[in-house]
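Enquirer: Chain order of the listed sequences is A and B. Residues are numbered in the numbering used here as their position in the first sequence, beginning at 1, plus a constant of 77. Residues are numbered in the numbering used here as their position in the second sequence, beginning at 1, plus a constant of 299.
Just so you know, the hints here were simulated from the structure itself, not pulled from any lab data. For clarity, every value in this text was computed on a predicted model and none was experimentally measured. Just so you know, not all the hints are guaranteed correct.
Derived pair list, reagent style BS3-like, types lysine-lysine, alpha-carbon separation capped at 27 Å [to be verified]:
#1 B:K341 - A:K97
#2 A:K132 - A:K97
#3 B:K336 - A:K118
Not everything, but these chain A residues come out facing chain B in the computed CB check (under 7 Å) [said to hold, decoys possible]:
#4 T109
#5 D142
#6 F144
#7 L145
#8 L151
#9 P163
#10 S166
#11 G186
#12 P187
#13 G188
Heads up, the beta-carbon is just placed ideally off N, CA and C, and yes, glycines get one too.
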Amino acid sequence: GAVVSQHPSRVICKSGTSVKIECRSLDFQATTMFWYRQFPKKSLMLMATSNEGSKATYEQGVEKDKFLINHASLTLSTLTVTSAHPEDSSFYICSAALWESGTDTQYFGPGTRLTVL
Amino acid sequence: GENVEQHPSTLSVQEGDSAVIKCTYSDSASNYFPWYKQELGKGPQLIIDIRSNVGEKKDQRIAVTLNKTAKHFSLHITETQPEDSAVYFCAEGEDSSYKLIFGSGTRLLVRP
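Go ahead and model the full structure; you've got the sequences and the hints to work with.
Expert: Structure, rendered in structure tokens:
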């Protein structure tokens with residue numbers, strides 16, 4: 078149980094285009110999902126918290142108009158990188174929170190590697 | 300502010316030896332401490348977690364200890380195997396907040 082998927086696993090796009098990444102909780106419902114960004118050999122940086130049916134909460138320094146998040150259902154959250162530029166190239170990872178044992182346990186997706194040319 | 304320090308950044312051990320990774324946190328309100336294993340090109344995988352109402356938790360070769368007074372927690376891997384080689388991240392969070400703050404990661408290499 079507690080499987081989270083991401084699609085696509087890899088994407089290459091041209092500068093100026095937009096890219097959508099999907100995050101799905103396959104066997105549980107997740108009221109809350111999270112989006113992280115990870116640079117090579119670095120730790121995970123939380124970008125935003127996505128709550129089903131409401132606006133996402135962005136971390137300081139993350140542009141909400143640049144990284145659009147939609148959490149339309151209890152099993153799906155999407156991250157759209159708008160007008161992508163080479164500096165947006167990174168490994169994007171989502172997680173979904175499963176309520177168990179009195180707290181939320183985060184289960185992570187496999188990640189999406191974005192390369193902007 | 301919230302901060303988690305993780306040491307060492309790299310760790311090389313001989314197969315069969317034990318490995319210990321330590322994390323120190325600053326937020327007194329933190330009460331949830333998970334450990335994640337990340338293999339190259341993949342997402343983090345939860346391997347063990349501990350909540351503040353216990354001091355130690357064990358799952359086969361993996362154990363985590365928590366010292367709330369000193370604000371540090373450690374991951375212990377015994378009888379290491381080459382497939383344990385990966386990057387390990389500690390994290391801390393609060394029940395009242397869903398956010399996890401991650402450590403900087405430890406690259407573990409188990410030499411055959």
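Enquirer: Tell me the numbers of any earlier hints that the structure contravenes, in ascending order.
Expert: Hints 5, 6, 7, 8, 9, 10 are the ones this structure does not satisfy, whereas the remaining hints hold.
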